[in-house]
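Trainee: If you read the sequences in order, they're chains A and B.
Per our numbering, the first sequence starts with residue 57, numbered consecutively.
Per our numbering, the second sequence starts with residue 57, numbered consecutively.
To be clear, the hints were calculated from the coordinates, so they are not data collected in a lab.
One thing to keep in mind: the hints can contain errors.
In this list, chains with the same sequence are indistinguishable; a pair is considered to hold if it fits within one copy or across any two.
Stated by the list, open to error - Pairs of lysine-lysine residues, derived as DSS-like cross-links and limited to a Cα-Cα distance of at most 27 Å, are as follows:
#, residue 1, residue 2
1, Lys262, Lys252
2, Lys206, Lys263
3, Lys83, Lys206
4, Lys133, Lys83
5, Lys262, Lys123
6, Lys83, Lys123
7, Lys206, Lys257
8, Lys263, Lys252
Since we're looking at a predicted model, the values are computed, not measured.
There are 2 protein chains.
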Amino acid sequence: MKTDDRQADMTEHSDAPSDEPMLRRRKAHIRLSNEAHLLACAEAVFAERGFEGASTAMIAERAGVPKANVHYYFPTKLALYRRVLDDVFEEWHCAADTFDSSDNPVEAIGGYVRAKMALSQRRPLGSKVWASEIIQGATHMQDILSERVKPWMESRVVVINDWIARGLLAPMDPRALLYMIWAVTQHYADFDAQIKTLSGKRALSKKAFEALTEEVVALVIRACGAKAP
Amino acid sequence: MKTDDRQADMTEHSDAPSDEPMLRRRKAHIRLSNEAHLLACAEAVFAERGFEGASTAMIAERAGVPKANVHYYFPTKLALYRRVLDDVFEEWHCAADTFDSSDNPVEAIGGYVRAKMALSQRRPLGSKVWASEIIQGATHMQDILSERVKPWMESRVVVINDWIARGLLAPMDPRALLYMIWAVTQHYADFDAQIKTLSGKRALSKKAFEALTEEVVALVIRACGAKAP
DNA sequence: GTCTATAGACGGATAGAC
DNA sequence: GTCTATCCGTCTATAGAC
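Please model the complete structure; the sequences and the hints are all you need to start from.
Mentor: Written as structure tokens, this is what we have:
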């Protein structure tokens with residue numbers, strides 16, 4: 057690991073015993089920084105090849121460190137993979153929080169779709185790791201799905217059913233709506249290779265992605281059959 | 057390969073020279089039958105593990121044959137993978153044909169969504185192989201995307217824009233609509249592990265899947281903002 | 001905390017008997 | 001067409017010098 061710049065903050069240390077806590081802090085900083093670097097590289101390799109297809113050697117090479125260092129920071133390939141999944145879920149959870157239960161379903165759903173589209177743009181690799189894991193049976197994240205995603209979904213089902221009962225949305229299966237939002241927004245991260253080939257373009261500009269986001273919001277809002285409260 | 061039942065149709069052959077064509081036909085039948093069996097097993101393994109994660113040994117084991125037989129019928133793992141992708145595309149293409157350019161966009165789009173949902177139910181493993189391949193960069197099917205999928209998409213964009221110009225659909229980006237249809241319908245095949253965990257059920261009954269299909273059709277038709285012609 | 005070297009299992013692919 | 005045995009490369013993980 058290229059430690060030259062990472063260790064720059066310790067050049068002014070002395071021999072005094074009061075240095076010990078600082079040393080500890082420095083070491084902790086090195087560990088956290090290297091872990092974060094490896095996690096980012098691992099996310100890219102897992103996205104490009106899936107769990108079994110990825111190798112610790114590829115992750116090490118991308119991080120610019122010997123293979124053994126990967127095992128120093130993460131005991132096994134599976135432990136590293138699991139940490140990537142946990143990280144990705146944390147961001148998913150933040151976006152999920154934007155789906156509030158206000159009286160205005162158009163704002164709540166529209167805001168959630170925008171948050172999910174922004175996440176697809178900001179972290180497409182994480183979305184791909186998540187998608188690959190589920191496609192391959194979700195064996196390494198059953199706990200996340202049942203303990204974290206499922207309760208969230210059930211709470212949103214209640215909210216959506218309430219909106220429907222009050223005539224704010226068309227009658228529908230709330231789960232089908234949530235699956236639709238996930239599928240459509242994550243499609244732009246997971247299937248970007250297909251989209252690039254079909255559009256003939258390399259990637260979307262920031263402006264173009266904003267316009268696309270509003271297209272998706274409009275589609276989803278119409279799909280809801282939202283009426284004025 | 058368990059040849060006992062597959063060779064039953066040759067027990068009555070004689071020494072006459074007229075047998076030669078029959079022998080050829082029998083051998084051709086064995087080849088086609090074994091190829092089809094291996095392709096089906098390969099599709100399952102590729103769906104469960106992705107291209108790099110799958111091994112020829114796993115495919116052979118699932119097919120009940122020694123590993124060498126896989127290489128007898130398909131020279132390389134990549135050639136076998138490519139044949140699976142071609143097979144999956146052929147069914148995709150059949151479903152795509154149901155999207156006609158009639159004067160009734162509700163019927164055309166609704167029929168297409170039903171065909172795609174039926175395909176997700178009938179062949180979820182193929183959908184997963186396709187999805188994994190695209191997530192991992194679509195490097196092994198660029199030709200299918202640019203030579204087969206892209207022309208189809210462009211022809212449908214023209215049709216949808218025509219419907220919009222005639223006031224039959226709400227103004228929208230036709231590509232965003234097509235991506236939505238793909239994403240939503242394929243979600244039920246690709247993400248079935250997540251859906252099972254979130255719903256707490258093992259799998260959907262035939263009746264339940266029909267009801268779900270109509271939910272999805274209703275969502276998509278509303279998203280189109282379809283009006284009576 | 002970093003690195004080289006290597007153990008031990010498994011990968012794709014092939015040779016050659018039957 | 002089928003199968004056993006095997007080549008050779010890469011895999012995950014670890015040992016041990018620095």
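Trainee: Between copies, within a copy, both or neither: which fits Lys262 and Lys252 at Cα up to 27 Å?
Mentor: within (15 Å within a copy, 36 Å between copies)
Trainee: Reference check for the pair Lys83 and Lys123, CA-CA at most 27 Å: within, between, both, or neither?
Mentor: Close inside one copy (21 Å), not across copies (50 Å); limit 27 Å.
Trainee: With 27 Å as the alpha-carbon cut-off, assign the pair Lys83 and Lys206 to within, between, both or neither.
Mentor: Cα proximity of Lys83 and Lys206: none, with 39 Å in one copy and 53 Å across.
Trainee: Indicate which option fits the pair Lys133, Lys83 if close means a Cα-Cα distance not exceeding 27 Å: within, between, both or neither.
Mentor: Within one copy only: 23 Å inside, 46 Å across.
Trainee: Are the CA atoms of Lys262 and Lys123 at most 27 Å apart within a copy, between copies, both, or neither?
Mentor: For Lys262 and Lys123, the Cα distance exceeds 27 Å both inside one copy (37 Å) and across copies (49 Å).
Trainee: At 27 Å max between alpha carbons, let me know whether Lys206 reaches Lys257 within a copy, between copies, both or neither.
Mentor: For Lys206 and Lys257, only the inter-copy Cα distance (13 Å) is at most 27 Å; the intra-copy one is 37 Å.
Trainee: When no copy is specified for Lys206 and Lys263, does a C-alpha distance of 27 Å or less occur within a copy, between copies, both, or neither?
Mentor: between (34 Å within a copy, 24 Å between copies)
Trainee: I want to check one pair: Lys263 and Lys252. Are their C-alpha atoms no more than 27 Å apart within a copy, between two copies, both, or neither?
Mentor: Only inside one copy: Lys263 and Lys252 sit 16 Å apart there, 38 Å across copies, limit 27 Å.
Violated hints for the displayed structure, listed by number in ascending order: 3 and 5.
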